[in-house]
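S.K.: This is what each chain is made of:
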Amino acid sequence: MSKITLKVNGAAHTVDVEPLTPLLYVLRNDLGLQGPRFGCGLGQCGACTVIVNGVATRSCITPTSTVKSEITTLEGLAKDGRLHPLQQAWIDEQVPQCGFCQNGQIMTAKALLDRNPSPTDAQIREGMARTLCRCMTYYRIQAAIKRAAKVVA
Amino acid sequence: MTAFTNIPKYIEDLLEKQTATPSRRDFLKTSGLLVVSVSASAIARPLAAAPQSAGPYPDPDFRQLDSWIVIHEDNTATFYVGKTDCGQGTGTAFRQMMSDELDIAYDKTTCIMGSTDITVDQGGSGGSDAIQTDGWPMRRVAAEARRVLLEMASTRFGVPVDQLAVSAGVITVKSDPSKRVTYGQLIGGKRFNVALTGTNVDATTGVAKVKPVQEFKIVGQSPQRYDIPAKVDGSLKWAADVKLPGMVHARNVKPPVAGAKLIGIDESSVKSMPGFIKVVSKGNYVAVVCEREEQAINASRQLKVNWEKPATASFPSSEDLFKYMRSATPTSSSNPNVVGNPDQAFAGAATVIDAEYDVPFQGHTAFGPAHATADPSNNQMTIYSNDMKSYGMRTGVATFLGMPRDKVRVVWMEGPQGYGRTAADDAGCEAAYLAKEIGRPVRVQWTRNEETAWDTKGPAFTFKLRGGLDASGNLVAFDYNAQSADYNHLGYNEPDTVLIAQLMGSRRARPAAGSAATPSEMYAIPNRRMATQVVSLPLVWETPLRTGNLRDPNGPQSTFASESFVDELAAAAKADPLAFRLKLLTASTSDDTGFKRARSIAVVKAVAEAYGWDNRPSPKPRGTGNILTGRGLAYSFRNQTVVAQIADVEVNRRTGHVWVKRLVCAHDCGLIINPEALRRTIEGGMLHSLSRALHEEVQFDTEKVTSVDWISYPSLTHTDTPEKIDIVLVNGDPNPNRPDLPHYGAGETVCKPLIAAVANAIFDATGVRLRRIPFRDGRVLAALKAAAV
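Protein chains in written order, with my numbering: chain A, 1 to 153; chain B, 1 to 789.
No lab work stands behind these hints, which were simulated from the structure alone.
We put the CB at the ideal spot given by N, CA and C, even for glycine.
One or more of the hints may lead you astray.
Output of the computed footprint for chain B on chain A, the stretches with three or more beta carbons under 8 Å from beta carbons of chain B [said to hold, decoys possible]:
1. 68 to 81
2. 101 to 114
3. 118 to 130
Derived DSS-like pairs (lysine-lysine); straight-line CA-CA distance at most 25 Å [as the list claims (entries may be wrong)]:
4. A/Lys146 to B/Lys724
5. B/Lys323 to B/Lys464
6. A/Lys150 to B/Lys724
7. B/Lys243 to A/Lys7
8. B/Lys605 to B/Lys583
The following block holds chain B by itself, in its conformation from the complex (with noise of 0.2 Å):
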């Protein structure tokens, strides 16, 4: 044997049981594994180990080719990666890219993803960097796998590489294609043994050079998820849904209000209940344990716990928290970012436009609650988790438990709704803690209540806008100003941010700093200043207030009041919103690497086409009837990725009630991997925004959120759903055949300019304009009537 003991103990093991017994389905079967199926197409990660596998789990070494990729010997492979897939199918992406650098047929792979012990540490989800950042290592080591295969059939046959053909995991020698053999008979079941290089995991590379993409076959095709048939039979195995033989349940008490002090716990008032184990208390932290779910359930309930409320208030009333903002002391300021000379230019204006923009705190609410299982039997700690950074949960739990990493492993298994929430993922923490205690495997799941409460939130912001216009209607000069309530941003898992810790008194002396957003577009506007603040609430530990990544962090927010304030200066300069979009980006011709400023042009066409706009400044007449209908485009990018987006609305002037009725996006994110999933992806992104602009708004009064259900947290329904979604995949590369056009990210930018699209959508049709989210039927009917409409 090979004295390799870098690469994942389970592929030391899987290759070893393969070089023993012939069949990689006896190994399944007998691995202690529980694995849903052994059929190459499937899903063939462990879903749930028995007892605990022997430790210690030292991290799989991304410089060794056999930590990514096994061949077994019926020339099927499987890929092990260091993702976290949050529902968009990128697993499916992955085994594309690798299949066709590999040279395999696609449905002769598997995908394993995300466990910290099997699988290299590539961060786990998170910036829509999937395809764009870590797509690139699994490309350069699947190029490599070919080419070290290439080599072994040339010796095999004693002739050179180039007098061989690959294809679907067979070379044949071209002069002679009876010569041939299969990935599986050269080396399955064994190891490669080469060494890859890189300073990082993202630098990972062999020898091999990547294809040229004109060389592609899977990738470009849109083979189906093969995450989803599991999905919909009932039978995948979710982080939710672990069993561990031992296992008992818990259920977090949270204070009734924040920033509240424990002072006493009347255990005797659950003592007695069925079932009941044990409550865990340390600092404000509470939990309850008990043998079965509805147990813990009701025992959390009935608990009686004593807390003392703070003094002073923890925070204003959301009625009252832009106001606060505003009149805040910024914890921190950005430095001014500042084109050409704003205040000459404004006061050289023929027009100057104000306008202030409100965002409220949003909340990831995920589908379900934060839930996770611990088992810590052999003095080590498995965690089964959807946390979507994996390998930073491990490094969080190691280092609150105060265990050797090597000690601590995470199963990643999928969950609810990533976004950002399962990067600031509590639950992991919090079984791990508990199971500790109890020395038994423990079960948390969060209340529906709790995690609408407590979970993280988007940031509320507030803007001031300033625009001038000179007599011909150009845009001369920009004022930004962005302000959030981001004070204490939270990380990934850090021992030391997430809530366990807080609860526990266990805090960071420096609370991170926060952010907020500039708007992300390419007008070449010739004067301009653009400053960010940074405020706090009251109460900066211990809140429900707290603030972590949603879903293309800040983007939302900062493109709402932008893309809605370049709209309201096209207006007042009765130009076309397109074509006064159109004149901003094509009044520069610098361009940056990625050509952003061509890309933008491109993709800003491509949407007024695929919608069929005609030139006409916004509003429009007003309608007579009940429902007025209007069109608003908005668009933005981010990173490089860039999309431009129109809404048709329908807003009933009786009501107040707003529908989108039709939404037309056009995208362009550089190479597409799979256009079907792609478009899936940017459906729900677009919708997610959507339900932001609609309906999703944290309410609190001076002591606790009071938004803690889906009937006080309202959010996107069946009804509101559009009857038409169109999607245009631009690719405005200027030089679109290049053989290395790069394949950006998806899944966050098209969240951006949506909520802008419907605001300008709602002006178009009423002539008023809404500067707040969300339009509920309420908020609108006022601003309808305020404007006499």
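So here's chain A without its partners, still in its complex pose (with noise of 0.2 Å):
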């Protein structure tokens, strides 16, 4: 085991676990933050997604010691009580049918977003491809992502 200092939603945790442990188990478990989700632990799914450096991360495959970055979660993108639009979109579409992907798809939209305000279909299609969804919420997903870069361009 060892201290491990992360940097996520804006405060700083000092936790103590072995170097190699996948960050999603730290998060979820040790930090209580619970929106980064598990699905696969193999990087294929994107449950388990948390933003770092700007980047869509699979946290289920991230060692906690090798992350140096701000982390930035589900639970850290609302700002001071305002849902960030991609949420408030997600709302408005009325998207989740159960739910559980939600976090990778917002997460992963979050970082498309914040690269390209005002992506094609086309890129939408492209940079949300390999995230999952069971219940198949695709076509709203895709809805709620152009009605939040309507609002963010």
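Hints given; two lone chains; assemble the complex.
M.R.: In structure tokens:
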């Protein structure tokens, strides 16, 4: 075990874990940030996505000791009690069915819009291609991203 | 205090506290339950108990009004229903129906669902019956509560009930509206003490009659789903998120090949690992328990276990599956359903067509693998679970552990994608067993590979179809034969079929027979024969090819075959596929009590109109570019819900890639509770079947499943998504304004015709008939090349 300091959603936390522990378990079990979810542990589905240094990062395959920059989780998107435009768009479009994947969808879309505030339909499809949903809410997710893009652009 | 003990103790305590302290907010703060929000419109169900609340946990009595509805002093209401939600927002719909019957504003209500000690047993979810079946007792008990409140007001004001008006939880005297009283003032925080009747929970009723449909104000509107905000801001605590004091983590170690026998465990391989607590093993069931989650993962990977492979092959490989199924002796056969004289009709037919269709095993592959947390404190057992049939899990766990039922409860919490997988949940029994062994709360989580390999599967099917046309192109004879690999189909949380029980060697003497489906359509075909058989694979128990209910069980398979074949017959008759179907639907005027024929005709016409269908036979003249386009229609029903769909496809003749560019769906489920929530349910259901059409196939060699993750078991992605989905909500009832218009189920019917609609569109585009799913690029390309497209 070793002490590792993580900066998450604006606050610093020191945890005592095996350095190779995937970031996902530290966020969920030690820091109580359960927005990121376990879906595969293989980096294939996106459920565990957090944003590190502007990049949508799969925390289930990211060793905790390798994370040097600030981490943003789903819980950290709202600012001053106001939902991020993506979260609001998700409510306006009534996107989720079960909702279990939506952390990954929203965080991946956040990184996408931060990079490209006015994505084309093709860029949305491509940018979201590796983020899975088994309730197949893709059609509404894409609509919500377009709706949010109008707000952030 | 009144001596009722048969309403949920939770509600009893709630009402006592409310009486003692005026503020509901104070109660929720001090109740020992963590509650996200105290606002009436939020979800106010207990999310995670601190120490386990003292049992026992008797069954809440559905014949007590107080078990269903609590009116609070602030004139809000909480509805307690025995359902769970798989993500379609049924809780919002329940609130709409019950608010309307009770005459209270929707935003002054909350709904609590599916926890066995708090809510009456309505079976959890399954079969798209939430609105269709369970909505009725909900409506009736809410109507009864309204009746009782009106009588109380009548006594208070000394005027007959018919001289009272009620709106949004406020009762006024019609002749003197200054005389008013709220529901909260009449009964807030107190019991109704009203007994209900009914031989079973579905029949629960009071004296009051439900409202005519025309009086509904909230039903038919689309309030936003109350569960969604917490799902997008990260605040919802799911079953996967439960944390309890002293909780430890477990991971299973599955046999490396199906049917393997445990020879020995080398515990020293993990004993010195950090956080290691115990290896738990019985029969062929093995799990490792550690203090921390990642420690359990590491230990389960490192544990050295000796397994003995079975002497013979457990199943044919997936490449040989259909050949095996066709030559296997059925374990059961249905009595053929015969209309007219098919043999004679075939003998006299001008054209006879034969075709064989195949559907592989397909998985649930839930987005989040199985999980549950069990707390064994106080010699009782609480399981925190996303099991869609939480009540069944409670009984299953009690039997499995040999505990009295009233010592076991299941707290239902949201989870990933039910769709049948959590009806045959495995993790609940595992967590409870391990918690009992360890004596501490245990959280079990399956791995991705474990879930994809070992979850319950939708059965593989083979079909033999024959159709006969007369000289005018009329379908005069139809022979349908379906065979499914569905032997030992799993039940719901049964203690003798759940996987841990199988692995421990505890199993029922007689496996379930399983089933294969016949088509669901209203075609008037004068001569037809429909027969089904079930076959078994060599390995019956402890197999990863265990079958269970997968969203619309057997429907997508049988409708893929039957509705594709109807298209083949239309093509052989050189008829437009829509006109061909309408002719079959209108060839008879006999109808059922739900007017399914009339509604089928209405739905098929509606989808054609919404699409802009022009009359021509398939296939269309073949295009010349790399992208060939086509359209395909299919129709079906499930119970009383009727659906027709049209798919527009693009087929890339160089790569074999299929993109469904547009989907149109006409949908009739009777009275609609929440149109916007329904639309999203329809979209998701259609795309679920699209995933099965294009991608999904369980692959295996003769000893194990080899499609074990999202690479080897691909699923629909953002790039596959249609660019346009049009949904028409149809009310095809011949008397659409009747006051008793029923509300039928949604959520599964749309899964039925979709695969056939895509197959028919591919045929329209290319002239090539694909009779086996999934339509992956390689398979489509091979078929195009074989046909020189």
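S.K.: Now, for every hint given, state plainly whether the structure supports it.
M.R.: Results for each hint:
Beta-carbon proximity to chain B at under 8 Å applies to 5 residues in the stretch 68 to 81 of chain A; the threshold of 3 is reached and the given coverage holds. Coverage of the stretch 101 to 114 of chain A by chain B holds. Counting CB-CB distances below 8 Å, 4 residues qualify, and the rule asks for three or more. For a cut-off of 8 Å, the count of residues in the stretch 118 to 130 of chain A with a CB near a CB of chain B stands at 7, and the three-residue condition holds. For the given pair, A/Lys146 sits about 14 Å from B/Lys724 by alpha-carbon distance, which is consistent with the 25 Å threshold.
Among the hinted pairs, B/Lys323 with B/Lys464 is consistent with the structure: their alpha-carbon atoms are about 13 Å apart, no more than 25 Å. Proximity of A/Lys150 to B/Lys724 is assessed by CA-CA distance (about 20 Å); at most 25 Å being required, the pair is judged to hold. Restraint check for B/Lys243 and A/Lys7: the C-alpha separation of about 23 Å stays at or below 25 Å, so the hint holds. As the CA atoms of B/Lys605 and B/Lys583 are separated by approximately 12 Å, the hinted pair is consistent with the 25 Å bound.
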